[in-house]
Amino acid sequence: MDRALVQLESRLAPWRDRARACGSNDPAIRRPESRWLVEIPDVGPTCEVLLADRLLYDLQPLERDAMLAWVRANQDESGAWVDVHGRPDLSLTALAYWALAQAGDDRSSDRMLKAVRVVHALGGAQRADFEVRLWLAMAGLIEWSWLPAIPSELFLLPPQVPLSPARFSPWARGVLTPYLLIARAPARLHLADASELLLRRQGEALVAPRLTRAGLAGDLLQAFDRGVKLSRKLPRGPLPQLAQRRALRWLDELQQDHGGWFSTRPTLLSLIALRVMGARTDDPRIRRGLDYLRAARGRVRGDGDQILIAQGMSAAPLSITADLLATGLTAGDVAPMLRAQLQDPGPWQTRADAPAGGWPTEPGARSHLDLDATLSVLDALSTLAPGDPAAAPAWAASRRATAVMLAMQEGSGAFARFERGEADVFMQRLPWTDADLLAYGRPNDAVHVRLTAAVLQRLAETGLRTEDDRVRRGVEFLARTVGDRNDDVPLVTACAVAGAAGALLPDDHALRREIERRIRVRQRDDGSFGSLHDTAAALGALTDLGHACVQAQRAARHLVAALERDPDAFVNGRTTHDGGPGLSPDTLDPTAAARRSAQVLRRHAALAAQVTELRS
Amino acid sequence: MKPIHAHYDVVIIGAGLAGCATARALVQADPHSTRRILVVDRYPGVHPRFSGEWIHPRGAAVLDALGFHGPLREAGAIEVDGFAAFENADASYVDLAYAEVEGERARGLSVHHKVLVRTLRAELRREGRVELVEGVTACELRRDASGRFCGVVFEDGKGVTSEVACDLVVAADGKGSNVRKLAGIEDRRETVGFTAGVEVRNATLPAPTYAHVMLGAWGPVLAYPIHREPDGTILTRITFDLPRELPAKGEAIKHYLLRAFVPFIPAPLSEQVAAAILARKGPLEMAPTVDLPAPPAVLPGLVLVGDAAGCSHPITASGMTMGLRDAETLGEQARRRQATPIGEPWLDDEALRRYRVEHDRYVPTRQALATAIYEAFRGETEGARAIRRALFDYWQSGPTARRRSMALLSCAELRPSVFLSEYLRTAGHALNVSLIPKHASHYPVADRVRQARGAAKLARDKLGLVANVVWAQLRPSWMQTEPRPLRIRTPRAAAGPSAPAAGPAE
Chain A
1 MDRALVQLES RLAPWRDRAR ACGSNDPAIR RPESRWLVEI PDVGPTCEVL LADRLLYDLQ
61 PLERDAMLAW VRANQDESGA WVDVHGRPDL SLTALAYWAL AQAGDDRSSD RMLKAVRVVH
121 ALGGAQRADF EVRLWLAMAG LIEWSWLPAI PSELFLLPPQ VPLSPARFSP WARGVLTPYL
181 LIARAPARLH LADASELLLR RQGEALVAPR LTRAGLAGDL LQAFDRGVKL SRKLPRGPLP
241 QLAQRRALRW LDELQQDHGG WFSTRPTLLS LIALRVMGAR TDDPRIRRGL DYLRAARGRV
301 RGDGDQILIA QGMSAAPLSI TADLLATGLT AGDVAPMLRA QLQDPGPWQT RADAPAGGWP
361 TEPGARSHLD LDATLSVLDA LSTLAPGDPA AAPAWAASRR ATAVMLAMQE GSGAFARFER
421 GEADVFMQRL PWTDADLLAY GRPNDAVHVR LTAAVLQRLA ETGLRTEDDR VRRGVEFLAR
481 TVGDRNDDVP LVTACAVAGA AGALLPDDHA LRREIERRIR VRQRDDGSFG SLHDTAAALG
541 ALTDLGHACV QAQRAARHLV AALERDPDAF VNGRTTHDGG PGLSPDTLDP TAAARRSAQV
601 LRRHAALAAQ VTELRS
Chain V
1 MKPIHAHYDV VIIGAGLAGC ATARALVQAD PHSTRRILVV DRYPGVHPRF SGEWIHPRGA
61 AVLDALGFHG PLREAGAIEV DGFAAFENAD ASYVDLAYAE VEGERARGLS VHHKVLVRTL
121 RAELRREGRV ELVEGVTACE LRRDASGRFC GVVFEDGKGV TSEVACDLVV AADGKGSNVR
181 KLAGIEDRRE TVGFTAGVEV RNATLPAPTY AHVMLGAWGP VLAYPIHREP DGTILTRITF
241 DLPRELPAKG EAIKHYLLRA FVPFIPAPLS EQVAAAILAR KGPLEMAPTV DLPAPPAVLP
301 GLVLVGDAAG CSHPITASGM TMGLRDAETL GEQARRRQAT PIGEPWLDDE ALRRYRVEHD
361 RYVPTRQALA TAIYEAFRGE TEGARAIRRA LFDYWQSGPT ARRRSMALLS CAELRPSVFL
421 SEYLRTAGHA LNVSLIPKHA SHYPVADRVR QARGAAKLAR DKLGLVANVV WAQLRPSWMQ
481 TEPRPLRIRT PRAAAGPSAP AAGPAE
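If you're matching them up, the sequences are chains A and V in order.
Be aware that the first sequence starts at 1, since it is given in the numbering used here, and climbs by one per residue.
Be aware that the second sequence starts at 1, since it is given in the numbering used here, and climbs by one per residue.
This is chain V alone, in the form it adopts within the complex (with noise of 0.2 Å):
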């Protein structure tokens, strides 16, 4: 299957979340249907490996207002509420409800990623307003004279190619986006860890509609719930944080989460992941965790959305929020210019630095949050484990702190000044921790003081990380430079008006 016709206005690289969604926001900014656009996916079908399946209130007011909430409901999406967090299986959960946030939809949405592709796919192909054309690869991208992006050349499984010439690319191809390696752009991935993933039939889970945090093991274990079968059977994803450097391959990762982690896990529904991995035939679903500091955005021509502009570790599972933020954002601005003549480009230079000043104020707080929590529910080092007893600590400390945590988490808050103050509440209650233990009576001053010390390197740590976060927020919008084409070192002195832009970044 080929691209049908020579030129689109929009092309879009990556059909998952992020790229259906920005097709469908598009689609609504062009009410008189005068764009075409153009979504392609290397998967045939869907992407084989298990992906984000957890969508926050204001990433599921955006797929109500794309028009996907219902369709997703109907395939067996479930409304979740908040996210119960254990500090170990003995305690009891820390309530982080979505409807504590004020202003905010009170339910998010969370379903399994092969119905999401599978869904949002359908709902495209049924509007008939995007062409999707599943099976190919880009593999390269064309440049004009002045290095702006122009065009795409695909090529299917048998190695055809077509090219198509456009006035924007739309890389949604995630974090290991192809695009963003064909455009040039550095590419500054860590992979972190690795998450294993097995699915439980009708768990227990003490909150049903939460996604459940547990801690105590070497990295923290997620148990949420991701779809609803028309018998009401409901399935729960279990995800388990494992190290880079995987302490056993094969079938002995199932021993080894038997050993390490599923004991970490309250029961019932310890015996009920245990039975699930035993009963697994073959390997387990296995992803990469990969920290992306967010590239820029936004090229000439080009535009990054979803985790291909940047993603971090799926702990604050808000990587499907932000995709989706970032296409209900550049469907603002391209609503914002519907009326441009047929002829000039939808989303010109100032569009896009638009939306790449409004994309690089959250994705930060995103990003920071994410590495933080990781960081501290982890707990290797003193700082971390005063951080993490801290939250809770925090937490528990009243409805508002869980309130204004939750906005955070959520994405529903941006304001520098809340993110300051709660960093501030954080650093002081983890001091206090360290300081005063929780079942020691007469903890040697020693031990406290080394906790402190340690409290306090991490909080100094972490300096410079609210820094970027406040300034993001606070930044004027005129000091946000204009998206300008990356030097390109070509084998030719001159590039031609259609020149390839292959090759790293200076």
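Pulled out of the complex, with its shape left as it was, chain A reads as follows (with noise of 0.2 Å):
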């Protein structure tokens, strides 16, 4: 086992050094050229910057031919262009094979007539998510109006309106307020043609599609987006004015201090926004824009010795780098955490009550913060030596980022990634199509769930105990919703329940025996739980509930056998990061097994050897 943790823990160090290259601040360290991704998105945001180039004029040859390379190497033998876990896309498929028809592409070829029979087959272009109309009406290739409306004015209702953007996510906020902008201007892009991507039958015209969902409710809204529409073409004298100029300063304010927004998309749509309203391309925002989007991009694995650059959703993030750092913390890794972390007022302090504190998704983000970043950040400090010079600023920071985590529970006990609020947006229990685009998730989901156990588990290390109702609440709205989904809870969301469930709650707890029970079953002949991953947080679950036991110990070898078999694999591998927020919702996340295993098989060991000592 030690061997294996050594090997591990060496093995990892190169992709500790991208992490601390990801965090660097040098332009020389972070140019794509020398750098890899630590997470990994679908092909969507690199088409989209490949798209958008036609307006920005940003990218250089080299750069374009390796994110062409990228988004040429991902297409499926079917045609089509998959997401992270394999599935085929039409959204993707459609913009992969618009932005390789731009790029001049053989459209007669037979990948990209696959690509489009797949097109056809999912039901055409206009079918695709929110972002791919929205570049096909760019391009004129159908109406603005088969996007949805947002009037104008309601960018003009104080924060505490529920329908109020300020309500959406934050995600859907930097989306949608470029959006308004665009869409009023409306802008028109010259992209190549792509209209074969739409599905028409022959000789007809093409079909507006229905933005509602069908029911009466669906009806009415319809009817009302109709009416918003047809308004437009009234005089409403000064509010339009006041709503498009409140909306240029939102982007304004929400310009982060990395040059981005919120994240890869929402700066995208940000800076065609400032170039659809006047803004040329050396104005100082969008040359800091630009700098951003090139900041989160990186190479990535190909065959071969090809070169390929793709377009990640954020430069550096936080809750990956933090976690690759904690395999192998050094004293010059804590100091560039600690500036990252939030110390200016953002809106995410709208609806919680505490001071500034905790991290945001990545460096430089000083609006937004990420709990699940902050979690990852927090585990990394704790790894540090009480006696270390880097201590007392890592406490500090420590002990800020707790006020922060209690401040962003929800009233159903459940916590909060980005805001308070962001899984329960107003707005989305209109029957809109892409209604869920405005918010972060469901109050219920496993992204919540997961997320609610990590921070009750993190709140467990500093002390806090069932007897504070605060934390009581946590465990009852796990409780509530873990009970409620029988046994379809994920095994990485039941892991983490464990985790929780194990600091927290007495042995004979319902809950705790309960998820204790569903992690057991799941395990297979070979000592597996799944996928390594899923092997390492099942081992990591049954530690947390106290756990050296024969299944426990079965699982820690077969994750020390599969990185004795193959040790480049289990570093390099492909799992799933799920739970991000907007269009490309789950990347691949190549340590997360190895960081997983590293963490856990130590702690494995230290309980292993403490039951023998006591055995004995």
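Honestly, the hints are just simulated from the structure, not real lab data.
Predicted, not measured: the structure shown is a model, and the values here were computed from it.
You may find that some hints are simply not true.
To be verified - For the chain V half of the interface with chain A, some residues (derived, Cβ under 8 Å), not all of them: (1) 88; (2) 90; (3) 161; (4) 208; (5) 216; (6) 243; (7) 258; (8) 270; (9) 380; (10) 382; (11) 417; (12) 439; (13) 440; (14) 443; (15) 447.
To be verified - Sample of chain V residues facing chain A (criterion: CB under 7 Å; computed from the structure): (16) 139; (17) 140; (18) 260; (19) 263; (20) 264; (21) 267; (22) 274; (23) 276; (24) 441; (25) 442; (26) 444; (27) 446.
By construction, the Cβ of each residue, glycine as well, lies at the ideal position given by its N, Cα and C atoms.
Each of the two chains sits in its own frame; use the hints to bring them together as a complex.
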């Protein structure tokens, strides 16, 4: 076991270097040629950057070629582009085809024809997600009326009004604010013709897609949508201009220190909106935004020696970089993490009563809290020795983050990731087909259950127990949601709940026993619990529950055997990291299994040694 | 070592602060040295467990009057100026200075507990008017036919017993009082948690002569200077409030403190505390935190003083001051009866009744304050957190608020009107801070209502406590009952003239 741990930690060393490069301020280190992405999304953001370059004129030829190579390399044999789970995706296929067509790829080639067939088989580009339809509208291929109408007056509402865009999730705000400006202009981009992606019956005109769900409520909303669009033709006084000015001001205010907006897609749309509103390509806001997009690009693994560049969702996701650094934290790693903590007021404080603290999704995002990243950084900082010179500032940052975590608790007992109310947006209840974009998940979804469990486990580390009503409400939320779902709780979610239960609940507590049962029954004959990541998570859960039992030992042996069999594959895995905001919610996390294994094998070994000592 | 005489006027069991102070107060009330006073303690040196070390100005005044203040200062005690309360480690502290309290001494005293006990015992020995016997335990109390306590049986470390007769037994043997048990007084002690302590040399305290109360962790962390060494080095005591179900045992408790408490201490003190914890060889000093609702402080022939007569969480640091006030009150009663002829009890039932009337006036206030403040500082419920925010909000509202609170906290203020008005003001601030959050600009109404309901519920729950305190101040002394013997269940039908007082109270 010890030998395996040493090997694993040394194998992770190059990834730690990449994580350090991600957080580095040195532009030389951050160049995409010298940097691997630690989190790899689908081809969607890359395609959009390629399309938007018609307006932004930023990509270097080599860079463009490497990005196009990445898009081509990801095409499935069926002709489709698949999401990170390997499922054919209409929106990705439409965007990828379009980006390649614009780059001059032969549309009559077999793979391009296959792609068009896939798009048609899936209903045509007009059925793709909001983002693709926005591109189609900007290219003049579909009517703007095929996109949902947002009354511009909404932007004039005070934040406490449920209809105000301030109540959307931060990602949705980051997308819809530039969308308002783009749609009002309206924008017209000279992109390659991709009308073949639209499905039309022979001799028939395109039929506008339905923007609302079926049913009376949907019909009424559709009528309202048309009403809004018609009302745009009527004089409305100064309100639209005022709303536009407000939206522009939001764009200025929400540009982060790193140059981008919330993440890649909001940044791209904000840049387009600024251009549409008359900003030149040398405008400082546009230059900073483009620099952010470039920093969020990196090399990814391709076949042979080919250099492939992908557009990441963020420059340096703190949740992953902190996790990587925690496997071998050095004194020099602490200062960048501490620099990244939130120190200024942000929109997350609108409904969370705590002073600034915690960490954002990536360094430089001064306004956006991310509880997931906060937990990762806290875990990394907790590995610091108490005598370390950096310990005191790390403690100060940790206690501020603890206050922030507590303030992010919803009334239901769950914890919000970015902003309170992010999963329960009033406008989401309306029967829009795109309504889910307005919120970040659902209040009881697996992402929020996992986050809540992780926060509770972290709070238990600081000494809080179920006597505290906030912890008690969190535990009740877990019991309620996990209990509701019978056995369909994802293993990783169950393992997170086990972590909280192990830290907070007595051995005979119903939730603790139930979650343990659900984990134990999933072990397979070979000792694994599915993928390497799932096995590591399950081993961690059993350790959190205080078991160094036969099942835990078999899981540990399975991990060690897999590491010894193919160490390279172990640290370059295909674990999906689900639950991001927006249109590419899932990403590939190559080192997730290795990171988790390094952590849990060490803890399992310590627990097993304790048990042996007690028995002897 | 055994008592010299067969009969004493007063036998004081427990030679800690309360016991020694009571002995000295009685000595001062007997200027002609006509009375015999015996003080015994089970530990030949000092109690191995760390204990109270902070004395409010009101207690320091008593120490001064008893002649202990000077010797304690010479032994390394430090004069202290008040409390520095931190709502969290990033906030500036609220200065709760003793000097603000009108009509009171401006400085209290802080002293290492072991130094304190050694010094007081040395003073008693030096004076020679009190017989001090260490290393013996009271194992039985004797009663006369009327049920009045009239003697004590002692046992030394070798199991040898000796018996003395006396007119009055004073139980000063702390919160776990053995005498209380022997007297058949119901033990209503509840262990609410533990206190772990470490000592830090030359700690960097934001206010060097203050007791620092630092919130944010599971329980409050206290830091206060306790000893000045001859070379000028200052020893600072750091205490951590731990839950009753200890989350870790043995060495692991150190790692727990480093993880769960030290981050909530402002730098650079946090680093010094971490270093002190890591450098400590062996287990940390620990003591249980006990809540003991005040038992009847007086029975015929028996008086309880100090923690034996009721104690609460040490958050208000009032335990030692209360013990000193008990000693002072008992001394006053003894002085009133200094002309009593030899042969008659020095402190008769009427004197004990007057002691109890006075004792029952200040003890409920202290216990109510300690319980309420501890609950608020722990902040386990919406209401408690609202009260905590309200307290800081109130203290920051101006010097008058701080002065009034400090008068209550330092046991200088007993007027029920002040207690009641402080309660109402705090409740009002709690409602206010619940409805108007500090940072959130558009805090959900549901959250505001939940917080306000929590605060209102806590305020309502405390009404009984407040009424109890107010009534304790207003109650006319004639309503205070005479000390009556407890009915004792004895194995024999009729107790003899010196029947042992054993068995629980009915």
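Outcome of the hint check:
1. 88: The hint holds - residue 88 of chain V has a Cβ within 8 Å of chain A, the shortest such distance being about 7 Å.
2. 90: holds (7 Å)
3. 161: violated (44 Å)
4. 208: This interface hint is violated because 20 Å lies over the 8 Å limit.
5. 216: holds (6 Å)
6. 243: At 7 Å from the nearest chain A Cβ, residue 243 of chain V passes the 8 Å test, so the hint holds.
7. 258: At about 5 Å, which falls below the 8 Å cut-off, the nearest Cβ of chain A leaves the hint on residue 258 of chain V intact, so it holds.
8. 270: holds (6 Å)
9. 380: holds (5 Å)
10. 382: Since the shortest Cβ distance to chain A is 6 Å, the answer is holds.
11. 417: Hint violated; residue 417 of chain V Cβ to chain A Cβ min 33 Å, cut 8 Å.
12. 439: holds (5 Å)
13. 440: At 4 Å from the nearest chain A Cβ, residue 440 of chain V passes the 8 Å test, so the hint holds.
14. 443: At 6 Å from the nearest chain A Cβ, residue 443 of chain V passes the 8 Å test, so the hint holds.
15. 447: This interface hint holds because 7 Å falls under the 8 Å limit.
16. 139: It is violated, given that the least Cβ distance between residue 139 of chain V and chain A is near 39 Å, above 7 Å.
17. 140: Violated - the Cβ of residue 140 of chain V stays beyond 7 Å from chain A, reaching only about 41 Å at its closest.
18. 260: This interface hint holds because 4 Å falls under the 7 Å limit.
19. 263: Result: holds, 4 Å to nearest chain A Cβ.
20. 264: holds (5 Å)
21. 267: holds (4 Å)
22. 274: holds (4 Å)
23. 276: violated (11 Å)
24. 441: This interface hint holds because 5 Å falls under the 7 Å limit.
25. 442: Result: holds, 5 Å to nearest chain A Cβ.
26. 444: Constraint on residue 444 of chain V satisfied, holds at 6 Å.
27. 446: Holds - the Cβ of residue 446 of chain V comes within 7 Å of chain A, reaching about 6 Å at its closest.
Of the numbered hints listed earlier, those contradicted by the structure are 3, 4, 11, 16, 17, 23.
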